[in-house]
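J.: Once you've looked at the hints, dock chain E against the given chain L.
One-letter residues, chain by chain:
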Amino acid sequence: MSGVSSAAYFARRAAQKERVRILYRRALKDTLNWAVHRHIFYRDASDLREKFNANQDVEDVDRIDKLIAHGEAEYDKWRHPDPYIVPWAPGGSKFCRNPTPPAGIEIVYNYGQEDNP
Amino acid sequence: MRCIRSSILQHLRLRVPVRPVLLLEKENVFISKMNFTSGGGGGQDQVLSKVIELVKKYDTANASKVTETADFKKDLSLDSLDRVEIVMAIEEEFSVEIPDEKSDKLTCCADIASFIVSESRPKAPES
Numbered sequence: 001m002s003g004v005s006s007a008a009y010f011a012r013r014a015a016q017k018e019r020v021r022i023l024y025r026r027a028l029k030d031t032l033n034w035a036v037h038r039h040i041f042y043r044d045a046s047d048l049r050e051k052f053n054a055n056q057d058v059e060d061v062d063r064i065d066k067l068i069a070h071g072e073a074e075y076d077k078w079r080h081p082d083p084y085i086v087p088w089a090p091g092g093s094k095f096c097r098n099p100t101p102p103a104g105i106e107i108v109y110n111y112g113q114e115d116n117p
Numbered sequence: 001m002r003c004i005r006s007s008i009l010q011h012l013r014l015r016v017p018v019r020p021v022l023l024l025e026k027e028n029v030f031i032s033k034m035n036f037t038s039g040g041g042g043g044q045d046q047v048l049s050k051v052i053e054l055v056k057k058y059d060t061a062n063a064s065k066v067t068e069t070a071d072f073k074k075d076l077s078l079d080s081l082d083r084v085e086i087v088m089a090i091e092e093e094f095s096v097e098i099p100d101e102k103s104d105k106l107t108c109c110a111d112i113a114s115f116i117v118s119e120s121r122p123k124a125p126e127s
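Each protein sequence line maps, in turn, to chains L and E.
One point on numbering: in the UniProt record's numbering, the residue at position 62 of the first sequence is 62, and numbering is uninterrupted.
One point on numbering: in the UniProt record's numbering, the residue at position 34 of the second sequence is 34, and numbering is uninterrupted.
One chain only, chain L, in its complex shape:
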């Protein structure tokens, strides 16, 4: 019985670690969206990292869940309305701007001479 519960415990902890990682990643990207100048971004990223590190050693699973929920709520509050997307990525301004033409299509260079082939 303890084997089953410890496997469930580890699975839960692993899922929590996954959530924390994803949350940290999104929060860092958001920080980059808000803080355009690099020195401001360094400061904010350090603060974010400190916040995450402060709760690093919590062992109680329920408390970790509450902390993650709290963190996700804060992330939702701070989401940027117009995030930066790399231009050639989907959603960016340059996406599909100049798609490669389908194979087999070419230009016939006979301007002015269409009547006499």
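If you're looking for bench data, these hints aren't it; they were derived computationally from the structure.
We put the beta carbon where it would ideally sit given N, CA and C, even for glycine.
Any given hint could be a false lead.
[Claimed, not checked] Some chain L residues flagged as far from chain E (calculated, every beta-carbon gap over 12 Å):
1. Ser5
2. Ser6
3. Phe10
4. Glu18
5. Arg21
6. Arg26
7. Trp34
8. Glu59
9. Ile64
10. Leu67
11. Asp76
12. Lys77
13. Arg79
14. Pro90
15. Val108
16. Asp115
[Stated by the list, open to error] Keeping only pairs whose Cα atoms sit at most 27 Å apart, straight-line, the calculated DSSO-like set for lysine-lysine is:
17. L:Lys66 <-> E:Lys56
18. E:Lys57 <-> L:Lys17
19. L:Lys94 <-> E:Lys56
20. E:Lys57 <-> L:Lys29
21. L:Lys17 <-> E:Lys102
22. L:Lys94 <-> E:Lys57
23. L:Lys66 <-> E:Lys65
24. E:Lys105 <-> L:Lys51
25. L:Lys77 <-> E:Lys105
26. E:Lys57 <-> L:Lys66
27. E:Lys57 <-> L:Lys51
28. L:Lys94 <-> E:Lys102
T.: Below, chain E without anything else, positioned relative to chain L:
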């Protein structure tokens, strides 16, 4: 008179640049962004060397231990959050999008380099 003034100004001027350096202690990875321009994925070796340089500049990683196959977690003792930061820096450097589940599997620099090369290959024109 003028040289006294200029020497005083020199003293005052020298004080200012010290402060930003102290702020940059923590996130040294991102400093490299100012110097590097993302050169759309040159051969795999160049990509690999850039990746290794990035990881070396990270302040909590030992520069001497960083090699191609140095495992992030075991050899360099990098936290999972550190790994997230490195992945973000690499995303910025090479302008590629690395999804979350892939970033878990990247454990050494060679993985990252091969991933970047495989990402940039479909963009190359096939004619």
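J.: Quick check: which numbered hints come out false for this structure?
T.: 4, 5, 6, 14, 17, 19, 22, 23, 25, 26
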